[in-house]
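Colleague: If you want the building blocks of each chain, they are given just below.
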Amino acid sequence: MKIDNSLPLEYSTEENRLKILGFWIFLGAEIALFSTLFTVYFVLVNGVGNGPSPKDIYELKMVLIQTFLLLTSSFTIGLGIHAMRLGLKKAMMTFFIITLVLGLGFLVFEIEEFITYVHEGATIQTSGFLSSLFTLLGTHGLHVTFGLFWGTAILMQVKKQGFTPETTNKSFIFSLYWHFLDVVWIFIFSFVYLKGLM
Amino acid sequence: MKQLFPVSHVMGFVFSLVLSLVALTVVFYDMSYAMGMTILLITAFAQASVQLLMFMHMGESKDKVTLYTNIAYALFVGVFTILGSLLLLVWDI
Amino acid sequence: MKWDEFFVFTHDPMLFAAMISIVLGGLAIFVGLTYFKKWGYLWTEWLTTVDHKRIGVMYILVALVMLFRGGVDALLMRAQSAVPENGLLNAQHYNEIFTTHGLLMILFMAMPFIIGLMNVIIPLQIGARDVAFPRLNAVSFWLFAAGAALLNISFVIGGSPDAGWTAYFPLASLEYSPTVGNNYYSLALQISGIGTLMTGINFIVTILKMRAPGMTLMKMPMFTWSVLITNVIIVFAFPVLTVALALMMLDRQFGTQFFTMSNGGMDMLWANLFWVWAHPEVYIVILPAFGIYSEIISTFARKNLYGYKSMVVSMVAISLLSFLVWAHHFYTMGQGVMANSIFSIATMAIAVPTGVKMFNWLFTLHKGKITFTTPMLYSLAFIPIFTIGGVTGVMLGMASADYQYHNTMFLVAHFHYVLIPGTVFAVIAGFHYWYPKVFGYQLNERLGKLGFWLITISFNVAFMPLFILGLNGMTRRMYTYSEETGFGPLNMLSFVGALGLALGFIVLVYNIYWSARYSPRDTSGDPYDARSPEWSTHSPVPVYNFAIVPTINSLDAFWYAKKNKAPFFEGKYEPIHMPSNSGQPFLMGVAFCFWGFFMVFSWWIPAIISALGIFATMIYRTFERDHGYYISVEEIERTENALRGDKQ
Amino acid sequence: MKIKWALLSLIFTITTVLTGCDQPLLVLDPKGPQAKTLSDTIIFSMVIMAGILLVVYILYAYMLTKYRASKMGEDYEPPHEEGSHTLEIIWTLIPVIIVVVLSVVTVRSTSDVEAVPKGYEEDKPLVIYASSSNWKWHFSYPEEGIETVNYVNIPTDRPVEFRLYSHGPISSFWIPQLAGQKYAMNAMINELNLVADAPGSYIGKNSNFNGKGFAHMDFEAQAMTASEYVQWVEDVKETAPKLSEKEFNSLLEIDFVGRKTYSSNHLTFSPPPVGNHGHNPDEKDGKDASEDESNSHEEHNQH
Ligand code: HEA
Ligand code: HEA
Ligand code: CUA
Ligand SMILES: [Cu+2]
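So the protein sequences, as listed, match chains A, B, C and D.
Quick note, the first sequence lines up with residues 1 to 198 if you use full-length UniProt numbering.
Quick note, the second sequence lines up with residues 1 to 93 if you use full-length UniProt numbering.
Quick note, the third sequence lines up with residues 1 to 648 if you use full-length UniProt numbering.
Quick note, the fourth sequence lines up with residues 1 to 303 if you use full-length UniProt numbering.
Keep in mind the hints are simulated off the structure, nothing from the lab.
There could be a bad hint or two in this list.
Stated by the list, open to error - In silico BS3-like cross-links for lysine-lysine, where the CA-CA straight-line distance does not exceed 30 Å:
| no. | chain 1 | residue 1 | chain 2 | residue 2 |
| --- | --- | --- | --- | --- |
| 1 | C | LYS209 | B | LYS62 |
| 2 | C | LYS367 | C | LYS449 |
| 3 | D | LYS212 | D | LYS237 |
| 4 | B | LYS2 | A | LYS55 |
| 5 | D | LYS212 | D | LYS260 |
| 6 | B | LYS64 | C | LYS309 |
| 7 | D | LYS71 | C | LYS562 |
| 8 | B | LYS2 | A | LYS90 |
| 9 | C | LYS565 | D | LYS71 |
| 10 | D | LYS66 | C | LYS369 |
| 11 | D | LYS212 | C | LYS563 |
| 12 | D | LYS36 | D | LYS118 |
| 13 | C | LYS563 | B | LYS62 |
| 14 | B | LYS2 | A | LYS160 |
| 15 | B | LYS64 | C | LYS563 |
| 16 | D | LYS212 | C | LYS309 |
| 17 | C | LYS562 | D | LYS36 |
| 18 | D | LYS66 | C | LYS449 |
Please read these numbers as outputs of a predicted model, since none were measured by experiment.
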């Protein structure tokens, strides 16, 4: 396997470069996926039936906490990759752990929010609006959940194998994934919650 | 310690926090629907660009043209799907 | 659930026969494999393979089987409507049959056939040793196979989907379609769709990053271009299907309100999402066909492709436009004149880039030296027949007029006129054309031509009458009609055509058998004196494709190398890195198939266990360290000499 | 090739003989201004398409007869041809012009058939609610206060406004000789305007697949002179039974019925959906949905 030392480790082999490009294209598909979910939400947001409307259930405080957690985690994983490029394994792992913890925190608050909704009688079965809301948020939440497992698996490998073309490549791709989840959240934050409360 | 926190990343983070705060104004100030949507669109796309360009290093590799094309195509499809669906199903024109 | 709901065949002799033949067929394969001790061979050479050529062959094999399955469906439908008030099929059967016919033909025949051809050919055409992600490629195939298996099982266990391949809500909702049929729809399509999405990513990266040195984008063969653009459409269209199917599953099995008639749901949203995906889908199956025709026409006209650049530009234009026209499938849903007009104009605009391609093909023939081989015959027949399909498409594209064509046989005629001379002719042409590359001998020409004439003539006999029936007010999806409608004679004519088509396809199958036994081996690797790089290597192609990667300095470089008697391969052998085989993709496919099956019946515990199985294969993959293997220089020399030794 | 042409012309003659002799095709035999507009549009587009096909076929025949290998000689070697800008411009521009023409025709004819037919704008339209349920059509005449099942009578030379909806899956209301089709759906009303020029009995059907009984879901549209129509309405009012809610519900339940006539209609106890496109009557326009939301907000605060 040819290793190009002029590039960061995660780009250093041809295979790694293929994987990074491939993942970006996957993210393009993810944009299409979330756009569709947003389409569904925008079309159904007025379809409240006999259930509550957005204004009845959205709570700004919860949303702000979630937003802050996710934004920060996106920042820390960026720092993690930066540390990785400096070859600082311990710093990198610390940042990754912080990221995952923040992600977990986000998830806890999101689940909390879902539970509140359900208690208020707003379930995924209540109305077109709520079905689309839960599906949009749920898909994002599942992505975060998946990310937690994936990130943990990568951390285990970094810990054991150190920085190799493979582990750095996986970590970098994971960081792309995580940043992307933040991008999606920004749109949820703006066009679901803020627009809904506007 | 300092090398762990590169200025660009810190700036990016601060910037995204600020943009979030700006977006928040639509909730707290009374404004027209058009105005609110404009603010949200600008802040959301600005934040997304911060993530893509600054944190995700979109422009750093030799494939950057591919990456930009990819994202542009995705946005094209996404935007037209959303607008077209609203035109067909919701807007009464 | 009662047993006779589960095994639907118990109260139907025809399905019972189908069930028996499936069981017997399975048994025969099992016994055969055991008797000839081929289990090991099957496992190591096929089930675990990551070789793009073999994966391609498996795709094509499944696609052929599905062509016959879907074709038998078609024959049954045509037989049923051949005479008024026919009692061959009842309404429920007819509904299940046209639904599965549409699904199988488009998603499990046309698309996989194309994906199969592109698997076999693309790496060869760009001078690569494999695709970018060989392992992922195998996963794609096994997910597709899992989806195909699931949809076919529905025929005998639980009942097939019966709400049309479009599955419009509320008809496809639990209330109006209470069997598990549409659960199969959502899950089978979901699983194979994920596979297709991964294929899309894989081939984009392959084509963008793995081309032989010197092959810039504008020096790529046209088939490669068409596949690149097709995969771009796949990547952006399939996520829409993923979402739509997920919502369908949620509505049917989890009580959500997306498409319901109360509580704020919206039935039209399904139609909208479905076509946002399904319109690009029809271009997914036609663009590679355009690529195949480009290759074949230029080969057998012995001329370079006319207007190469405009061919590329027009395909890019089609790919963008394909995302802007979906509403032409429901002009009659009641949106305003404005919305209909916008979509109408966008729809008709596609005629322009398609026309550019038409005229470029015609001018490729100009001053050429045309030989009428079987693949060329199909490609030539494509031009006049597809144009009929295309211009009738433009007629449908006119919103006002479509109020009269919509849901009629006129529409059915349109889409068979584009799908069959467009896609089916192309894959058959490609099949004949590239057959020697894969198997080392050509298909028999006489049988090939016989099949061609049967198919082409019968096709027109079968579908031309439908245009007229449509204008006479015959709607689609009617299992029967009365005498006084006067639809009888033309339907009978169409049935005769369908029989002719069947005959044509039987000749094709016979040709495969005949040629396997009697065809002489092609030792040159380049039987047609063709132009693109896949013809520069041996037939059949060695695992590593090219012993030495060629350097490309122009479009049709191989052709010019031959003409100028210049060497095409320069350099010396070096060890070649290859990916190793793996059983993980196959096991993943099996796990997905079980998961889908249990989900269909809402058996949650087994479904969760299968889902854990899927995750187990994924976790195994993350921790796996597999660096592939090297083929040594000596071994390359040995293989090359053996392959060349054949050449007397 | 010859075989193919022979065959094509054979098909052509067979089909014209089979269909041409007794009756013109339904869609091309309009009996009202809307269907006439559509039929004209269709014939116009067919002529254009025939022209395009002709061009393609002539070029095709030329290439295939002139440049076959058997005619070109053993050692003829085709030249390299890059492409030609002039030709490319021609075969881009001409189709563009054709598409523009077709677009103009489309937009015009679409707005025509979506509106009340020309010349009838001043007349008071006859409103008929046509709703589908499991393979039946219910026709309710709100002003006359009567209802029919599986047949509809309309006066000639008077605009009729059908208001379409469905009690179940999407169906499509189509009387080919009077107007193009339109969907009938559950939560909204679609409007279809038509006028019948000539008295007569026209085939009407559901053209959108909606389950098992779909093939049998047709009805008769009978156009009669104004006086006959008035007479018929009077007769119905006098002789037909009333439609009770119970009877209506049982009608909805069964798969098929024959013709029925009632001297009252179901709109009184089972009102049609209110919304237009966008489904929610009070929030028709997505753009100011937020204002609407703030209105409805108060009501929702109760829980
Ligand atoms: C391979 C598949 C394929 C292809 C290539 C096409 C191509 C086209 N299709 Fe078709 N279509 C289908 C598959 C396909 N279609 C299917 C499966 C359905 C029905 C699904 C269902 O309901 O079940 C359908 C349905 C369908 C409808 C919906 C009708 C309805 O439901 O009422 C419409 C309406 O606009 C339409 C239009 C077109 C147009 C404008 C093109 C154009 O792309 C055609 C362009 C080509 C040409 C025009 C010919 C060559 C050009 C020239 C020679 C240049 C000069 C020409 C002009 C200026 C006109 N198609
Ligand atoms: C690529 C796509 C594709 C292809 C190739 C075909 C091929 C054919 N189709 Fe189909 N069709 C669709 C896509 C396709 N179709 C779709 C999308 C629909 C809409 C579905 C819906 O409404 O939901 C449809 C609907 C459809 C209908 C409409 C039903 C209705 O609305 O009432 C009809 C009716 O005649 C029909 C007929 C045919 C026929 C006769 C063929 C023939 O060309 C088939 C030729 C093939 C054979 C005849 C097989 C030959 C093999 C044998 C005979 C087996 C011999 C066995 C051995 C040797 C082992 N198709
Ligand atoms: Cu259903 Cu509009
Ligand atoms: Cu389409």
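Colleague: Are the hints correct? Go through all of them and say.
Modeller: Hints versus structure:
1. LYS209(C) to LYS62(B): Satisfied, since the Cα-Cα distance of roughly 11 Å is no more than 30 Å.
2. LYS367(C) to LYS449(C): The given pair, whose Cα atoms are some 24 Å apart, holds under the 30 Å limit.
3. LYS212(D) to LYS237(D): The given pair, whose Cα atoms are some 34 Å apart, is violated under the 30 Å limit.
4. LYS2(B) to LYS55(A): Distance ~44 Å between LYS2(B) and LYS55(A) Cα, so the pair is violated.
5. LYS212(D) to LYS260(D): Holds, because 22 Å separates the two Cα atoms, which is no more than 30 Å.
6. LYS64(B) to LYS309(C): holds, 23 Å
7. LYS71(D) to LYS562(C): holds, 25 Å
8. LYS2(B) to LYS90(A): holds, 15 Å
9. LYS565(C) to LYS71(D): holds, 27 Å
10. LYS66(D) to LYS369(C): holds, 9 Å
11. LYS212(D) to LYS563(C): violated, 64 Å
12. LYS36(D) to LYS118(D): With a Cα-Cα distance of about 12 Å, the restraint between LYS36(D) and LYS118(D) holds, given a limit of 30 Å.
13. LYS563(C) to LYS62(B): violated, 36 Å
14. LYS2(B) to LYS160(A): holds, 27 Å
15. LYS64(B) to LYS563(C): This hinted pair is violated, its Cα atoms lying about 38 Å apart.
16. LYS212(D) to LYS309(C): Roughly 51 Å between the alpha carbons, so the hint for LYS212(D) and LYS309(C) is violated.
17. LYS562(C) to LYS36(D): violated, 63 Å
18. LYS66(D) to LYS449(C): holds, 21 Å
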